[in-house]
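Student: First residue of the sequence shown: 1, per the working numbering; consecutive thereafter.
Treat the hints loosely; a few may be bogus.
Stated by the list, open to error - Restraint ranges, calculated between C-beta atoms of paired labels, are given here:
1. Leu-78 <-> Leu-333: 49 to 59 Å
2. Thr-234 <-> Arg-57: 38 to 48 Å
3. Ala-248 <-> Ala-168: 32 to 42 Å
4. His-90 <-> Glu-272: 24 to 34 Å
5. Asp-75 <-> Arg-284: 27 to 37 Å
Hints were generated in silico from the structure; no laboratory data involved.
The C-beta atom is built at its ideal place from N, Cα and C for all residues, glycine as well.
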Amino acid sequence: MIRSVAIFGGGTMGGGIALTCAKAGLRTTVIDTADGALDRLRARVHDHLAREVAKGRLDANRADDAVEHLVLSRDPHLVSGADLVIEAVHEDLEVKRGLMRRIEPLLKPQAIIATNTSCLLVRDIAAALDDPGRMLGLHYFSPAEISPIVELVSTEATRPDLTDRVLAFLTATGKSPLPCKDSPGFALNRFFCPYCNEAVRLLDDGVATTGQIDAVACEALGVAAGPFRVMNLTKPVIMLKAMESLAALGPFYRPAEGLRAIGAALADWQIEEQPAPLSETVRRTVADRLTGALLLPATDAMAAGVVAPADLDRGARAALRFTRTPVSLQADLPAAESMRLMALVGVPERQGDLVPASPA
1 MIRSVAIFGG GTMGGGIALT CAKAGLRTTV IDTADGALDR LRARVHDHLA
51 REVAKGRLDA NRADDAVEHL VLSRDPHLVS GADLVIEAVH EDLEVKRGLM
101 RRIEPLLKPQ AIIATNTSCL LVRDIAAALD DPGRMLGLHY FSPAEISPIV
151 ELVSTEATRP DLTDRVLAFL TATGKSPLPC KDSPGFALNR FFCPYCNEAV
201 RLLDDGVATT GQIDAVACEA LGVAAGPFRV MNLTKPVIML KAMESLAALG
251 PFYRPAEGLR AIGAALADWQ IEEQPAPLSE TVRRTVADRL TGALLLPATD
301 AMAAGVVAPA DLDRGARAAL RFTRTPVSLQ ADLPAAESMR LMALVGVPER
351 QGDLVPASPA
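From just these sequences and the hints, can you work out the full model?
Tutor: Right, here's the structure in full:
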């Protein structure tokens, strides 16, 4: 049983994971050596717990207990007693590998190591360990203290007993595990990032503006926020890194030129608040290409056995807030129409395997 957790990195994701663990009553240690990082996290913890109590979502005594269970430190040696260590540092393979090499000698033999990477392969990070079988992926979605879905990513080396222990840990901390294979993009970013990338291609092609594309996405796919607004929340440079990791899957997955440019500039998208209305023809073009860009990678991932249809559907609804998910779209559309929409955006390598998937 996992009773203590150590988290490397107290930023947006690491801090959210720490809050989740501490509120569940687990001994939680956050280690971060960046100047001011722990002070910012301490203030964030205080503000979050105060809001939860004020809104009646958390008892005041439980909030006090969460604070008691949380230790913030710059000392990496505090990981020595942890049952589970989660790294949530920068999305840089060499940085993560270097951290693995430094912390593995400090851990007890039965400790599990997890990475919160969103775009790197877990096996590439685990290669830095003497025992890669003790590692798996735990990809939380932002905000980690609120979003219910966590992708549980097993490599071919991950020992099954570790997976069982982590499944119990996720359930105990109020999360809904989404099992998937160690493949580019895992389950959800495998289709969500190409969908955002296709939105940029529509912009690059001069089909519509950012605001117009977002409006069509909300209308056609039932999302709360369009792709450009979501990219601004997570930062376009993060989307660029994700697409660069997906690019090995084929031409469809290569980053759009506009995404490369804005990512390199570390800028945000300019989105007009009141987009001009589109003609029905252009609106249909935008909707069709966005739909095709959802269907193609999702169907590709399911055909490759990366994720079960039911799990992909559940994650798309709970983590990404899609009303019309790739699985539900396939169920609603004739097979020929699904193939037509996918053909608009690209031809996957396994085209013969792309058949509508049942969520059952």
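Student: Work down the list of hints and note, for each, if the structure agrees.
Tutor: Okay, the hints, checked on the actual structure:
Between Leu-78 and Leu-333 the CB atoms are about 53 Å apart, so this pair conforms to the stated range of 49 to 59 Å. In this structure, Thr-234 and Arg-57 break the distance hint of 38 to 48 Å, their C-beta atoms being roughly 25 Å apart. Checked against the given bound of 32 to 42 Å, the beta carbons of Ala-248 and Ala-168, roughly 34 Å apart, stay inside it. For His-90 and Glu-272, the hinted distance range of 24 to 34 Å is satisfied, since their beta carbons lie about 33 Å from each other.
Between Asp-75 and Arg-284 the beta carbon distance is about 59 Å. The supplied range of 27 to 37 Å is therefore violated.
Consistency with the previously given hints fails for numbers 2 and 5, ordered from lowest to highest.
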